[in-house]
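Throw the hints in and build the complete structure from the sequences for me.
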Amino acid sequence: MTEDRYEAAVAHPEGRSTVARLASTATESGYDGLVVRNADAVLAEDPTITDGDPPDHADAGEDYDPEDDGGYLRTVTAEYGVDVVSGVEIDVDDPSTAAGRLGNVRSRERTDYTVVAVAGGSEAMNRFAAESDRVDVLTRPLRRAGAVDHVVADEARDHGVRVEFDLSPVLRATGGRRVRALRDLRRLREIVLDRDAPFVVSARPDSHLRIRSPRELVAVGEAVGFDRETVEAGLREWGRLAGRNRERAGESFIEPGVERGRYEEDDR
Amino acid sequence: MPLPKHLRPRWRYLAVRIETWPDADPSRKGFQRAVWESARALLGDPGSADAVLEVLRYRFGGGTGEAVVRVRHGEVSRGRAALACVGSVDGHPIGVRVVGVSGTIRACEEKYLGETPGDPDHEDVVFGDGTRPAVVRGAAVDVRDGHAFAGATPIDLEDQ
Chain A
1 MTEDRYEAAV AHPEGRSTVA RLASTATESG YDGLVVRNAD AVLAEDPTIT DGDPPDHADA
61 GEDYDPEDDG GYLRTVTAEY GVDVVSGVEI DVDDPSTAAG RLGNVRSRER TDYTVVAVAG
121 GSEAMNRFAA ESDRVDVLTR PLRRAGAVDH VVADEARDHG VRVEFDLSPV LRATGGRRVR
181 ALRDLRRLRE IVLDRDAPFV VSARPDSHLR IRSPRELVAV GEAVGFDRET VEAGLREWGR
241 LAGRNRERAG ESFIEPGVER GRYEEDDR
Chain B
269 MPLPKHLRPR WRYLAVRIET WPDADPSRKG FQRAVWESAR ALLGDPGSAD AVLEVLRYRF
329 GGGTGEAVVR VRHGEVSRGR AALACVGSVD GHPIGVRVVG VSGTIRACEE KYLGETPGDP
389 DHEDVVFGDG TRPAVVRGAA VDVRDGHAFA GATPIDLEDQ
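Chains as they are written, first to last, in our numbering: chain A, 1 to 268; chain B, 269 to 428.
Everything labelled a hint here was simulated from the structure, so no lab data went into it. We treat Cβ as the ideally placed atom computed from N, Cα and C, and that holds for glycine. The reader is advised that the hints may include incorrect statements.
Claimed, not checked - Label pairs and their in silico Cβ distance ranges:
1) A:ASP194 / B:ASP427: 51 to 57 Å
2) A:ASP154 / B:ASP293: 49 to 55 Å
3) B:SER295 / A:ARG177: 26 to 32 Å
4) B:PRO314 / A:ARG144: 42 to 48 Å
5) A:GLY30 / B:GLY342: 21 to 27 Å
6) B:ILE373 / A:ARG187: 39 to 45 Å
7) B:ARG327 / A:ASP154: 52 to 58 Å
As the list claims (entries may be wrong) - Short derived list, chain B residues pointing at chain A, Cβ under 7 Å:
8) LEU310
9) SER345
10) ALA349
11) ALA352
12) GLY363
13) ARG365
14) GLU391
15) ARG405
16) ALA407
17) ALA420
18) ILE423
Below, the structure is given as structure tokens:
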């Protein structure tokens, strides 16, 4: 099990800073790893791909390695000493569209991204994500208030879906919006910890200026009712998840013929 | 008359590094105001009064800066939390990082601060779909992107 702490960020073009800049700041801030939530958009605009063609996943077959795509993420890892993890966050309004996207990026045999997340927020999307064995993380479950109850938390636990404690409104919202976010976050924390559902913690930075160090997030968490261990465990969980999925990808993709790893069984 | 020693407040000094986009130049006054507003919003009046959070040293130039912030002994974690929630100064986004904690101002400055970054360079770089003006500060490359900037590093740039 890893003790490393990871942050999960939105990079350029959807965020304001490139993966490299986020990684550079993450290292300085004491992180060991960085999950790129929008590796799909990043790799489509890979600065090292000069002819403008986005990488074609379909042709790569079983040798496909999401973190070797165009070499960019791997180059950043080497340059800044922070483990850069390819991720995708499926952010759509309805479960059937989400199911289609999910099928495109991950099947039993292969995964295009090391971490696959589904952005929640509505009751239907939270439930869909929590019930999907192929989903690693249910992110932003509180975008619309009150949509995680004990039933969703139980499903998340049973299907190995991490529920995200998104600290970004604590850090960046003000006034009544922040008060509501804090109220919802408290309720979420009580439900998730009570039902023993797995979880991750993030400040969801979308620029290098919005990265806050692990110690800062622990302090912010403590100010709003999280204990230190919960925040630290949530930052480590991203790394643990990345490690587990890479191991599975290695088993099922690099050695065809050997029993293929499945996303729905054993080590959740 | 000074207070008897056991009644004097005991302090911790937070060494803070800050960073902005190149078009911002946050003043000491603006930074202090932002810290107090953040503390008050997060900790409330009593909590923010307890933490104190006074900016004692401050300098900023070329997109980066540093400060020493005094916090009451025993309130370091809450002070750190309030600083983490400072997201902008005078409307400009700001990155804030506590790099160390000391028992004296001098130790705080000597141990953690004192980096004097040179003036940033202004260059044209090839980023994304074309050549654009950028502000370069070591490994930090802020590329002009419409009315805003994109944060990049040298490995994001194509050779010209």
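So, going through the hints one by one against the coordinates:
A C-beta distance of roughly 55 Å is found between ASP194 of chain A and ASP427 of chain B, which places it inside the suggested range of 51 to 57 Å. Taking 49 to 55 Å as the suggested C-beta distance range, the pair ASP154 of chain A and ASP293 of chain B conforms, at roughly 52 Å. For SER295 of chain B and ARG177 of chain A, the Cβ-Cβ distance of about 27 Å falls inside the hinted range of 26 to 32 Å, so the restraint holds. Between PRO314 of chain B and ARG144 of chain A the beta carbons are some 33 Å apart, a value that contradicts the proposed interval 42 to 48 Å.
Range check, GLY30 of chain A to GLY342 of chain B: about 23 Å between beta-carbon atoms, so the 21 to 27 Å window is met. Distance hint for ILE373 of chain B and ARG187 of chain A: a CB-CB separation of about 42 Å, consistent with the stated range 39 to 45 Å. Taking the beta carbon of each, ARG327 of chain B and ASP154 of chain A are about 53 Å apart, inside 52 to 58 Å as hinted. Below 7 Å, beta-carbon pairs count as interface contacts, and LEU310 of chain B has one with chain A at about 6 Å; its hint therefore holds.
Nearest Cβ of chain A to the Cβ of SER345 of chain B: about 5 Å, under the 7 Å cut. The hint holds. Nearest Cβ of chain A to the Cβ of ALA349 of chain B: about 4 Å, under the 7 Å cut. The hint holds. The closest approach between the C-beta of ALA352 of chain B and any C-beta of chain A is roughly 4 Å, which is under the 7 Å cut-off, so the hint is satisfied. Taking 7 Å as the C-beta contact cut-off toward chain A, the hint placing GLY363 of chain B at the interface holds, the least distance being around 4 Å.
Hint status for ARG365 of chain B: holds, given a least beta-carbon distance of 6 Å to chain A, under 7 Å. Among the interface hints, the one on GLU391 of chain B is violated; its C-beta lies about 16 Å from the nearest C-beta in chain A, farther than the 7 Å criterion. Below 7 Å, beta-carbon pairs count as interface contacts, and ARG405 of chain B has none with chain A, the closest being about 12 Å; its hint is therefore violated. Annotation: ALA407 of chain B was flagged as interfacial toward chain A, and the flag holds, the nearest CB pair being 6 Å apart, inside 7 Å.
Contact between ALA420 of chain B and chain A, as hinted, is supported at the beta carbon level, the nearest pair being about 5 Å apart and thus within 7 Å. Look at ILE423 of chain B: its Cβ gets to within about 5 Å of chain A, closer than 7 Å, so that hint holds up.
Taken one by one, the earlier hints fail for this structure at numbers 4, 14, 15, listed in ascending order.
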